[in-house]
Amino acid sequence: MPTPSDLLLLADGRLPAGGHAHSGGLEQAVELGDVRDVPTLRDFLRGLLRSSGQTSIAASAAAARAWLSQDDAALLELDAEESARMPSAQLRGASRAQGRQLMRAAEAIWPSPAPLRLLPALPHGPHLSLAQGVTAARLDLEPVDAARLAAYGVVSGPATAAVRLLGLDPFAVHGVVATVMGDAEPVIAAAAEHASSPAWLLPGGAAPLLEIGAELHRTREIRMFAS
Amino acid sequence: MHLIDGVPHHELPDPHEPHGHASRPLRIGIGGPVGSGKTALVGSLCRALSGELGLAVVTNDIYTTEDADHLRQIGVLEQRRIVAVETGCCPHTAIRDDISANLDAVERLEEELGDVQLSLIESGGDNLTAIFSRGLVDLQIFVLDTAGGDDVPRKGGPGVRDADLLVINKIDLAEYVGADTAMMERDAKARRGDKPVALTSIATGEAPPQVVAWVRERVHEWAHQHGLAHSH
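The listed protein sequences derive, respectively, from chains A and B. Heads up: take any position in the first sequence, counting from 1, add 698, and you land on the numbering used here. Heads up: take any position in the second sequence, counting from 1, add 45, and you land on the numbering used here.
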């Protein structure tokens, strides 16, 4: 039986899994002036949800389903399919770094008697959304929980970064997070509904500006966030 | 012998043992406020020790790679021995609350280099409450400077109180800023019990010999405790 609070622990920004050092593209958007206040932050977060976020939310639900079905081949396919939907090497690197760090944290917090089958095949770590899905499933959570976890990460990560980078009112920002998470419900439901689909049907929520931004971000002399 | 419930406590698992297998190198964290001389200390330690020890350095400057670049530019260490970790505007989070990025970086560096005997993790400049997690480092050095106010040791805080070595740096500036270094040392010792305090002036010369000696001794101790090869 899942412990209901496990999902809260996983979603908590204080979980020591490396998320605090990533802005989900927000830092670059701030540098370009695209995000400068609360309304532009809300637009940015909605855009994330409808583009790259859609892919990672679906991948998280699918990974949870694959883990529950003990389908290792499907997990590796999902990982490859997600890479194929992330043209920026910087974004792939950031995703794998966070995936690796989440797997480490989860293994330390909830030691599993069985070794994590996913890890030997992916020496640089799984993508973050896969790590989220697998971790949720290891804790007996459902694919819909995994999707919600991924969605919350997509929305809350950049929102926290906006508070730090722009000094936005944290109450206003959390209001935006609550609103956008409401918008995310259909995406979460769709991800859960299609969690058993073949990996190649993973939605391709492209966001070329995020991809280009991630590459440019890496070349900046002054950078607070890893991505 | 210390006993906990009748069991010698060295036989009990240490809940604070940093991650990684027992044969890994000693990890020392270097923390302290902005501008106190952390990077200068790391640079001088590298210069003094790189001939005798395999070194790895992880920097956490808030401005991405500035500290790492500085260390590379002054040529104290090969490029491949230094990596920079971004901290998302929160240097203390990266060394204390969420150590995963630093742990990831130091483990990878140690694995890639293969010959590391000492890893130094330099925190971004932070406040007096920032200390390293025991999950990340085995020992920590906290660096203060006289120009930051000579009442800092008296005020205390986790860094001043608990660091394995407290460095009070820039004593050459004390006369210009009206700082009383004798009082700083006295206050620090009152806060710290038996733990050592070093008064240094790193920018004006070579690595402070007492700090180099302290680090060298700790590396030898570590190697002995963990059965690692080392020189005497």
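Do not take every clue at face value.
What the hints assert, rightly or not - Calculated from the model, a selection of chain B residues having no Cβ within reach of chain A, i.e. all distances over 12 Å:
hint, residue
1, GLY80
2, ARG92
3, GLN118
4, GLU123
5, GLN124
6, ALA139
7, ILE144
8, ASN147
9, ARG153
10, GLU220
11, ARG231
Said to hold, decoys possible - Simulated restraints, written as ranges between beta carbons of each label pair:
hint, chain 1, residue 1, chain 2, residue 2, range
12, B, GLY272, A, ALA806, 23 to 33 Å
13, B, ARG92, A, GLN768, 47 to 57 Å
14, B, ARG261, A, ALA876, 50 to 60 Å
15, B, GLN124, A, LEU706, 54 to 64 Å
To be verified - To give a feel for the contact side, a few chain A residues facing chain B, derived at Cβ under 8 Å:
hint, residue
16, SER721
17, ARG836
18, THR917
19, MET922
The hints are simulated quantities; they were obtained by calculation from the structure and are not laboratory data. Predicted model, so just to flag it, every value in this text is computed and none were measured. Positions of the beta carbon are idealized from the N, C-alpha and C atoms, including for glycine.
Checked hints:
1. GLY80: Correct as stated: the minimum Cβ-Cβ distance to chain A is 18 Å, above 12 Å.
2. ARG92: holds, 26 Å
3. GLN118: Nearest chain A Cβ is 14 Å from GLN118 of chain B, so the label holds.
4. GLU123: Correct as stated: the minimum Cβ-Cβ distance to chain A is 22 Å, above 12 Å.
5. GLN124: About 17 Å separates GLN124 of chain B from the closest Cβ of chain A, which puts it past 12 Å; holds.
6. ALA139: The claim breaks: ALA139 of chain B does not keep its Cβ more than 12 Å from every Cβ of chain A (closest is about 7 Å).
7. ILE144: It is violated; ILE144 of chain B is separated from chain A by about 6 Å at its closest Cβ, not greater than 12 Å.
8. ASN147: violated, 9 Å
9. ARG153: violated, 10 Å
10. GLU220: holds, 35 Å
11. ARG231: holds, 38 Å
12. B:GLY272 / A:ALA806: 23 to 33 Å: holds, 25 Å
13. B:ARG92 / A:GLN768: 47 to 57 Å: 54 Å Cβ-Cβ, so the 47 to 57 Å window holds.
14. B:ARG261 / A:ALA876: 50 to 60 Å: Check passed, 55 Å falls within 50 to 60 Å.
15. B:GLN124 / A:LEU706: 54 to 64 Å: violated, 43 Å
16. SER721: OK, holds: SER721 of chain A within 8 Å of chain B, min 7 Å.
17. ARG836: With a minimum Cβ separation of about 18 Å from chain B (threshold 8 Å), the hint on ARG836 of chain A is violated.
18. THR917: For THR917 of chain A, the interface hint is violated, since the closest Cβ of chain B sits about 11 Å away, which is over 8 Å.
19. MET922: holds, 5 Å
Hints 6, 7, 8, 9, 15, 17 and 18, counting from the list given before, are not met by this structure.
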